[in-house]
Amino acid sequence: GAGVSQSPSNKVTEKGKDVELRCDPISGHTALYWYRQSLGQGLEFLIYFQGNSAPDKSGLPSDRFSAERTGGSVSTLTIQRTQQEDSAVYLCASSPQGQGRVAETQYFGPGTRLLVL
Amino acid sequence: GDSVTQMEGPVTLSEEAFLTINCTYTATGYPSLFWYVQYPGEGLQLLLKATKADDKGSNKGFEATYRKETTSFHLEKGSVQVSDSAVYFCALRGSGGYQKVTFGTGTKLQVIP
Numbered sequence: 001g002a003g004v005s006q007s008p009s010n011k012v013t014e015k016g017k018d019v020e021l022r023c024d025p026i027s028g029h030t031a032l033y034w035y036r037q038s039l040g041q042g043l044e045f046l047i048y049f050q051g052n053s054a055p056d057k058s059g060l061p062s063d064r065f066s067a068e069r070t071g072g073s074v075s076t077l078t079i080q081r082t083q084q085e086d087s088a089v090y091l092c093a094s095s096p097q098g099q100g101r102v103a104e105t106q107y108f109g110p111g112t113r114l115l116v117l
Numbered sequence: 001g002d003s004v005t006q007m008e009g010p011v012t013l014s015e016e017a018f019l020t021i022n023c024t025y026t027a028t029g030y031p032s033l034f035w036y037v038q039y040p041g042e043g044l045q046l047l048l049k050a051t052k053a054d055d056k057g058s059n060k061g062f063e064a065t066y067r068k069e070t071t072s073f074h075l076e077k078g079s080v081q082v083s084d085s086a087v088y089f090c091a092l093r094g095s096g097g098y099q100k101v102t103f104g105t106g107t108k109l110q111v112i113p
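Note that the protein sequences, when read in sequence, are chains P and U.
Just so we're aligned: 90 in my numbering is position 90 of the first sequence, and the numbers increase by one with no gaps anywhere.
Just so we're aligned: 77 in my numbering is position 77 of the second sequence, and the numbers increase by one with no gaps anywhere.
Careful, some of the hints might be misleading.
[Said to hold, decoys possible] With a Cα cut of at most 30 Å, we get these calculated DSSO-like pairs of lysine-lysine:
hint, chain 1, residue 1, chain 2, residue 2
1, P, Lys57, U, Lys108
2, P, Lys15, P, Lys57
3, U, Lys68, U, Lys56
4, U, Lys108, U, Lys68
5, P, Lys57, U, Lys52
6, U, Lys108, U, Lys52
7, U, Lys56, U, Lys108
8, P, Lys17, P, Lys57
9, U, Lys108, P, Lys11
For the record, the hints were derived by calculation from the structure and aren't laboratory data.
Just chain U, with the same shape it has in the complex (with noise of 0.2 Å):
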């Protein structure tokens, strides 16, 4: 079946650090792919997406390039704030019919000024 690997939390960084926050897949076909996130006390809303290969979703200054040929899509953002102190989940849908979205267990990110 399919799932989401995500690199193991927390990730501490000081503020305008380079982020990176690494995101496989498995699946078959062509899912399409997501991040979301989860700001403290808050729910979990979309941060961006992409549905087909070599995409690039972006969104508050995050990127992510949705890569067939590693299966990944990594998170990245090249100058972090505290404001960006959140949990991360990377995510897919299945193609092709109604299909469940599976999600990755989430990745902490602290941000430290």
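The shape of chain P in the complex, shown without the other chains (with noise of 0.2 Å):
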């Protein structure tokens, strides 16, 4: 079946300029994650939606950084007036989380590269 897909896989983008990337979860799956991955770094949570509740936006780095998630299913997270910090690895991931001590698997997305020039 169709696992989580995102959009662009590449951008670059001038300093400044805003952009939207956009992620496409596995259908039925709740729960949807945004990360960032720069070069050579590991993984940074920057939000998480779960379902109709409230996201945990607790990783956002900036209020340059926003997302949403329209109809509990396909995500788009914005980057306005972009710095070149913000060159990396944007993954999206997604899992049919259930509630209590489920082992939910993620499923990540091939992620969206962007280059900030």
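Two chains, two separate frames, one set of hints: put the complex together.
Structural data, given as structure tokens:
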């Protein structure tokens, strides 16, 4: 079946421009995550959506970053006034997350490689 | 809050050597624990997981045991291959209700022939 898809796969932009990154999770998955992976670095949590609950935005690095999830499915990560330090691979993951102690696997998309010149 | 600490890499081993990648965590309650792997040029994928104390997750010759007493989930493999070269991430998901997943910083493994 279809996995998590992300678009665009690569994005080159100029400093100061806004960018939008899109994530299509696996159908039926209620949990959706955004991460950032900088060159040679680990995964940096950005934001987490779970069903109709308020998203956990605790990982967003600045108010230039925002994300929304429409209809509990597709999500868009927006970076306003991009800076060179925003250059990274942005990863989206989804899981069929339930309550309690169920170990739900995350399924990752291929990522969007963002380069800010 | 929850946190995961992994040994820093890169780790360089010869083929057929024994591998250990240390992972310790801080969390309340009984989190679920995971190892994810990212092969060169590929996306992250689940390697193995464990949901409760003393559980052992295993896959592709890799093993990790959930140790509540030492809050650890070390990854081991008895004989590594060149094809195991990748970045390995330890992660946890908190217990109770809806919980996000917290990842470690990743450990790069390079296996040389």
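Hints versus structure:
1. Straight-line distance between C-alpha atoms of Lys57(P) and Lys108(U) comes to about 28 Å, which keeps the hinted pair within the 30 Å bound.
2. A hinted pair counts as satisfied when its Cα atoms are at most 30 Å apart, and Lys15(P) with Lys57(P) qualifies at roughly 24 Å.
3. Restraint check: the Cα-Cα separation between Lys68(U) and Lys56(U) comes to about 12 Å, which is no more than 30 Å; the hinted pair holds.
4. Distance restraint check for Lys108(U) and Lys68(U): the Cα-Cα separation of roughly 25 Å lies within the 30 Å cut-off, and the hinted pair is therefore satisfied.
5. Of the pairs offered as hints, the one joining Lys57(P) and Lys52(U) holds, with about 28 Å between alpha carbons and a cut-off of 30 Å not exceeded.
6. Among the hinted pairs, Lys108(U) with Lys52(U) is consistent with the structure: their alpha-carbon atoms are about 27 Å apart, no more than 30 Å.
7. Among the hinted pairs, Lys56(U) with Lys108(U) is consistent with the structure: their alpha-carbon atoms are about 22 Å apart, no more than 30 Å.
8. Of the pairs offered as hints, the one joining Lys17(P) and Lys57(P) holds, with about 22 Å between alpha carbons and a cut-off of 30 Å not exceeded.
9. Restraint check for Lys108(U) and Lys11(P): the C-alpha separation of about 26 Å stays at or below 30 Å, so the hint holds.
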